[in-house]
Amino acid sequence: MSSLQLKLVSLLVQEHFGDVVEKICTHLLKNGSNNFRSVVSTVKEKPEQVKKALCVLIQHNIVKYGLNKRGMVEYTADVEKALLLVRYPRYIYSAKTLYGDIGELIVEEVLHHGEILMSNVVEKVKVRLKEAMEGNQLEPSAIKDKFIDLVNTHFLQRLPSWSAEDDEESKVIPLIPHLSVSDADLYRIPETAGVTGKRKRPLNDGGRSSKRARSSSVGSEPDQEVPLDDGIYWKVNFERFHRYFRDQDIISAITQRIDKSAGDVVATMLRMSELTTDFMARETKPLSFHDIARQMPKKLENRQLEQYMKLLLDDQTMIVKKYGDAGGGMYEIDLEQASRVICTANIESVVQERFGSKSFRIFKTLLKKKYLEQKQIENFALIPAKEAKELVYQMFAENFITVQEIPRTPDHAPSRTFYLFTVELGQVTFMLAERCYKSLINLMTRRHFESAENKRLIEKEQKVEAITASMQGSGAEPAQLEEIEKTMTQLEKEQLQKYKGRIAKLEQSELQTDKTVFVLNSFILQEAEGRL
Amino acid sequence: MSAEEKQEAPDAMNLEERILELCKQNPDGIADSTLQKELPNVDTRQRVSAVNRLLSSGKIDLVKTSNELVYRLKDPGVVSKIKGADNQERLVYQIIEQSGNKGIWTRDIRLKSNLQLTQLNKILKNLESRKLIKAVKSVGAARKKAYMLFNLTPDPSVTGGTWYSDQEFESEFVEVLNQQCFKFLQQKVESVSALQLDPLLKRNRSFVSPEEVWKFITELRISKVDLSVDDINTILNTLIYDGKVEMTISAGAGTSSSDSSSKLYRAIQPLTQPTGLMRSPCGVCPVFNQCYEGGAISPSTCIYMKEWMDY
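Protein chains in written order, with our numbering: chain A, 22 to 553; chain B, 6 to 316.
Do not take every clue at face value.
Result set (SDA-like, lysine to any residue): computed pairs, CA atoms no more than 25 Å apart in a straight line [stated by the list, open to error]: (1) A:343 <-> B:209; (2) B:229 <-> A:405; (3) A:410 <-> B:198; (4) A:390 <-> B:179; (5) A:536 <-> B:293; (6) B:220 <-> A:400; (7) A:396 <-> B:209; (8) A:342 <-> A:375; (9) A:331 <-> B:179; (10) A:65 <-> A:85.
It should be emphasised that the hints constitute simulated quantities derived from the structure, not laboratory data.
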């Protein structure tokens with residue numbers, strides 16, 4: 022956790038949940054685990070406010086609670102989880118590409134609420150779709166089906182819930198609730214869930230458990246409406262999305278390097294291992310040639326597939342490996358290698374863009390040859406000594422390459438020391454991730470700045486729009502509407518247009534930068550995993 | 006007295022010829038002791054004076070081998086070349102000759118010959134004007150002059166190899182070759198992909214051996230210097246470091262070369278698009294590290310960002 026990450030999180034939380042929540046989140050991050058009392062006393066907010074803020078943070082999975090050694094409830098914030106806030110648009114977008122508009126809306130709603138009942142999602146999406154489509158009725162079951170699809174493909178998962186026993190039977194109310202969900206239930210839709218109908222529940226049955234709600238007979242007292250699937254909350258499974266992003270990256274890399282069909286082969290292999298392979302695994306489970314051939318969406322001739330497998334095996338990225346000869350050849354995808362190759366390609370492109378082609382050549386020479394002296398770099402890269410020195414030192418100054426000193430004598434005299442340049446991939450990755458965070462901070466700060474600059478204009482536009490809408494509703498004359506329109510001058514309109522363009526550009530850039538963060542972080546994670 | 010002298014003169018001439026004869030038979034040089042054995046009836050004084058005469062007239066050389074001094078017949082060409090040169094000039098010439106095609110610096114000549122700097126300079130100038138030696142500038146140390154015999158081609162370590170002319174690295178030349186080689190490889194890939202081939206065959210056909218590239222470059226006539234296949238290999242290696250080309254080693258049959266294994270090159274596509282970070286102005290910002298909110302350089306007032314947003 023770096024100070025840059027902290028800063029970014031505070032910006033993100035503020036943007037999504039407001040000032041109070043931001044204050045509490047930052048406090049928790051800076052001071053580590055804290056109990057409720059000390060949070061209240063340090064942030065100087067009303068206890069109810071703090072309670073609400075913690076609720077929001079817990080609901081969005083940013084803050085966790087637990088008991089400390091002395092048996093007090095403590096709250097802990099998680100930077101990694103909070104940083105995912107940047108990526109929300111990307112999750113929504115990929116849901117759209119996979120499951121269409123309905124999928125997009127479902128994921129959007131779930132992300133928006135953090136955790137939510139299935140029936141609520143269906144209801145909300147229905148209302149929003151109705152607005153968007155204006156009259157075109159949609160099958161109500163379509164939304165439910167999509168939701169079930171998303172759950173079946175593990176993009177959504179069930180939250181742990183109250184287990185039935187510690188409901189009323191236990192007399193002592195525990196300090197923290199014991200929530201649990203069995204692995205089998207994680208992606209299972211209960212039969213009753215998703216039925217949009219409401220069921221009346223008698224007041225005296227105050228049980229929170231869904232089982233109880235279901236088991237009790239249809240209530241006679243029409244006091245409180247409770248959805249049928251009460252207690253079964255759903256959230257977005259970020260890991261599953263990350264796996265999808267990573268797989269997309271691998272497929273696009275292979276497609277770039279070989280061709281579309283090779284990309285399809287790898288896509289098939291990744292799809293087949295989706296459910297069998299752990300997210301952080303180093304390689305997928307081996308797949309037999311025949312299985313791959315059967316699973317290919319577009320039938321390739323066996324002979325052609327064989328050739329593609331050979332091409333993939335021979336490729337110098339070495340993403341696809343051969344595991345054995347059984348079943349017409351067993352193949353696996355080296356996920357660790359893939360993440361390394363893709364991360365390296367991204368780092369290389371940073372060097373290429375930032376320092377130019379010649380520096381890129383030097384950088385890649387160092388990557389290939391590991392340790393080189395200045396003179397050797399010049400010879401390999403065929404760059405004149407003077408220029409090469411400048412380029413190397415420039416990259417050295419910006420921490421892209423490092424120096425290994427090897428003294429010939431114990432006194433480390435410069436004249437009797439070899440200076441070997443090298444690239445420490447892990448270190449460069451960390452450094453670039455930090456850079457990305459700073460860029461994100463900069464972009465967001467600028468976006469806030471632009472909004473503040475044009476605050477008056479934005480408010481005016483909103484007011485004009487509100488008036489126009491209300492007048493249209495009450496059936497006003499077109500001339501009147503025009504008059505209202507005219508309160509915005511041409512200049513103001515242009516300025517507003519410009520402002521919107523700027524914001525769009527900044528937001529797009531934030532998303533792109535986050536893509537880099539994702540690639541770099543998956544490499545760091547994979548490396549850390551490998552070292553364990 | 007006079008009669009005695011007269012008698013000795015032909016004897017001396019005879020002796021000199023015999024020594025020369027012996028030297029001719031032993032091109033590796035002949036030691037004094039061997040000479041003594043070969044000429045048993047000549048006394049030491051006579052032999053020494055004969056050898057001295059031969060040495061001073063430049064017909065033989067006194068050369069030091071690992072453990073003893075030997076006499077060696079001098080190259081008649083050289084003798085005629087430096088005819089008319091005095092002892093000192095000859096000495097300098099010999100020192101330079103020994104250095105071969107690596108050349109020798111003035112300072113080293115001075116140390117070896119024990120001559121004064123001014124005197125040496127005069128001699129060097131003299132020899133240079135008679136086209137016996139030439140001065141070559143070393144690529145490692147541009148200000149030091151190295152001397153070598155006129156007819157020698159300097160060693161690559163002195164000139165820096167193919168990529169240097171006049172001690173200057175010809176980066177433009179390298180750049181042009183780099184581009185042309187890449188173009189050739191790319192054309193190959195394109196021409197192959199135009200054919201409807203199996204994927205495997207398509208890849209295998211797009212590989213090119215360095216010999217083919219060499220032929221292409223030679224036919225282009227862009228180089229004034231004669232390039233060797235090794236030079237082309239060096240250029241192709243830079244393309245690998247550029248990430249534009251990959252190299253594979255093919256073993257045995259199927260290649261045009263007769264070697265048991267040879268390198269093959271192929272143009273490739275980069276693995277990814279430019280990464281997202283570099284598409285924002287912060288990615289290429291030169292003052293990124295000095296930038297913070299509230300400072301002289303800050304994201305709110307950033308002019309790069311302003312330009313980029315309004316672009």
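Checklist entry - Where does the structure disagree with the numbered hints, that is, which hint numbers, in rising order? => result 3, 7, 8, 9
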